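Sequence positions in the sequence shown follow this note's numbering and run 57 to 187.
To be clear, the hints were calculated from the coordinates, so they are not data collected in a lab. Computed from a predicted model, the values in this text were never measured in an experiment. From the three backbone atoms N, C-alpha and C, an ideal C-beta is built for every residue, glycine too. Just to be clear, a hint being listed does not mean it is correct.
Simulated restraints on C-beta separations [as the list claims (entries may be wrong)]:
#1 Gly-99 to Pro-61: 16 to 26 Å
#2 Met-135 to Gly-99: 30 to 40 Å
#3 Gly-131 to Asn-60: 17 to 27 Å
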Amino acid sequence: MNQNPRETVAVATAEMAVLRALQVAGRRLLARRSRAVRGPLQGVPPWELHVHLPVGDTDLALLLRDAWDIPEAVGLPSMMIESLDEHVRILLAAGVGYRRDDLIKTVSRLPLEQLELPWDACGGADEVHGG
């Protein structure tokens with residue numbers, strides 16, 4: 057995919073948000089397991105634990121609770137967060153690891169030129185953080 061600067065920043069932002077959501081879910085997923093299961097998985101990054109531990113559809117809401125708080129706080133559009141949430145839920149349920157190429161496809165389906173992204177607003181992060 058030949059990306060313009062706006063797409064590049066959107067993908068990078070989406071990547072951090074998705075990996076954070078997978079990390080939150082992975083930590084919760086592991087915490088629910090016995091010591092015998094956790095031990096062998098100590099070296100696995102939390103954002104990859106769903107590849108090794110099954111995730112049921114009914115677990116998704118609990119695993120992803122508050123996972124999108126930071127993207128919301130910095131002002132990512134709800135449409136983008138919803139798309140990324142769907143992407144993460146598919147990865148978790150299918151037990152498929154994160155791949156940047158797949159995320160780029162997800163982000164490319166968004167109407168980026170029509171979305172007001174946090175870096176488009178005057179003041180940017182200073183407004184969000186009170187600085």
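Hints, one by one, checked against the model:
1. Gly-99 to Pro-61: 16 to 26 Å: 37 Å, violated
2. Met-135 to Gly-99: 30 to 40 Å: For Met-135 and Gly-99 the Cβ distance comes to about 37 Å; the hint holds.
3. Gly-131 to Asn-60: 17 to 27 Å: 21 Å, holds
Of the numbered hints stated above, the single one contradicted by the structure is hint 1.
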